[in-house]
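Once you have looked at the hints, place chain H on chain Z.
Going down the list, the sequences are from chains Z and H. Going by this note's numbering, the letters in the first sequence line up with residues 12 to 125, in that order. Going by this note's numbering, the letters in the second sequence line up with residues 8 to 122, in that order.
Fair warning: there could be bad hints in the mix.
As the list claims (entries may be wrong) - EDC-like, lysine to aspartate or glutamate: derived pairs with alpha carbons at most 20 Å apart:
| hint | chain 1 | residue 1 | chain 2 | residue 2 |
| --- | --- | --- | --- | --- |
| 1 | Z | K112 | H | E82 |
| 2 | Z | K112 | H | E61 |
| 3 | Z | K60 | Z | E26 |
| 4 | Z | K60 | Z | E75 |
| 5 | H | K20 | H | D92 |
| 6 | Z | K112 | H | E59 |
| 7 | Z | K112 | H | E89 |
Said to hold, decoys possible - According to the in silico footprint, chain H covers these stretches of chain Z (three or more CB under 8 Å from chain H):
| hint | region |
| --- | --- |
| 8 | 34-41 |
| 9 | 115-121 |
FYI, nobody ran anything at the bench for these hints, they're computed from the structure. Note that beta-carbon positions come from the ideal geometry of N, C-alpha and C, so glycine has one too.
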Amino acid sequence: AQSVTQPDIHITVSEGASLELRCNYSYGATPYLFWYVQSPGQGLQLLLKYFSGDTLVQGIKGFEAEFKRSQSSFNLRKPSVHWSDAAEYFCAVGAVSSASKIIFGSGTRLSIRP
Amino acid sequence: ETGVTQSPTHLIKTRGQQVTLRCSSQSGHNTVSWYQQALGQGPQFIFQYYREEENGRGNFPPRFSGLQFPNYSSELNVNALELDDSALYLCASSSRTSGGTDTQYFGPGTRLTVL
Numbered sequence: 012a013q014s015v016t017q018p019d020i021h022i023t024v025s026e027g028a029s030l031e032l033r034c035n036y037s038y039g040a041t042p043y044l045f046w047y048v049q050s051p052g053q054g055l056q057l058l059l060k061y062f063s064g065d066t067l068v069q070g071i072k073g074f075e076a077e078f079k080r081s082q083s084s085f086n087l088r089k090p091s092v093h094w095s096d097a098a099e100y101f102c103a104v105g106a107v108s109s110a111s112k113i114i115f116g117s118g119t120r121l122s123i124r125p
Numbered sequence: 008e009t010g011v012t013q014s015p016t017h018l019i020k021t022r023g024q025q026v027t028l029r030c031s032s033q034s035g036h037n038t039v040s041w042y043q044q045a046l047g048q049g050p051q052f053i054f055q056y057y058r059e060e061e062n063g064r065g066n067f068p069p070r071f072s073g074l075q076f077p078n079y080s081s082e083l084n085v086n087a088l089e090l091d092d093s094a095l096y097l098c099a100s101s102s103r104t105s106g107g108t109d110t111q112y113f114g115p116g117t118r119l120t121v122l
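In isolation and in its complexed conformation, chain Z is listed as follows (with noise of 0.2 Å):
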């Protein structure tokens, strides 16, 4: 069955720490991944995603994900994360053949200790 994990529902981390939001999934099909940030009442906006190539992903605001196949994760980094980084937080997976059906994790909430 096609799932995303992320197991830590609440993160808190101090302003200027480093952050990693862990992200694992169960995909049949090789996966296009992604990562979107949402803040409260709000929609969702795209923070990076990986398709193909470099296994190591770019994304705004700073952000980074390492696709690691072997251990089906799709990590999110942040060297210092900023009080403006509070959100909700969430992986998600399509398929290559089709990304018409985006599976999406439960959500991690980040919150920043000042």
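Chain H only, in chain Z's frame:
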């Protein structure tokens, strides 16, 4: 800003009523997908429309239906509303290529409350 707009922003209905939500796609996009996001959960795929035809459907009953118009705007219709239909409804537009790969860009959503 993604260029995807949704209306209305908020909506309150009572159980058994019908509702129509609207989405205007980003310029140049020919595909629209709808998602339901319950409180505290990730979005769940409802269905997708491509060239005015349904192109994939998630695990939602037939009382969830949609339309896509020639200008690629879209509607989501829900009949016989139930309390569990209360959620944020997200529209996402994308540009489908022959290879089938696309990135979906989301609108701000419509918050539906069913009383």
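Outcome of the hint check:
Distance restraint check for K112 of chain Z and E82 of chain H: the Cα-Cα separation of roughly 18 Å lies within the 20 Å cut-off, and the hinted pair is therefore satisfied. Simply put, K112 of chain Z and E61 of chain H have alpha-carbon atoms about 12 Å apart, close enough for the 20 Å limit, and the pair holds. As the CA atoms of K60 of chain Z and E26 of chain Z are separated by approximately 25 Å, the hinted pair breaks the 20 Å bound. Note on K60 of chain Z and E75 of chain Z: the hinted pairing holds, with a Cα-Cα distance of about 10 Å set against a maximum of 20 Å.
With a C-alpha separation of about 10 Å, the suggested pair K20 of chain H and D92 of chain H falls inside the 20 Å cut-off, and the hint holds. For the hint pairing K112 of chain Z with E59 of chain H, the CA-to-CA distance comes to about 17 Å; that is within 20 Å, so the pair holds. The straight-line distance between the Cα atoms of K112 of chain Z and E89 of chain H is roughly 24 Å, outside the 20 Å bound, and the hint therefore fails. As drawn, the region 34-41 of chain Z meets chain H at 0 residues by the rule of a beta-carbon pair under 8 Å; below three, the given contact is violated.
Counting residues of the region 115-121 of chain Z whose CB lies closer than 8 Å to any CB of chain H gives 4, so the stated coverage by that chain holds, three being the minimum.
Of the numbered hints stated above, those contradicted by the structure are hints 3, 7, 8, listed in ascending order.
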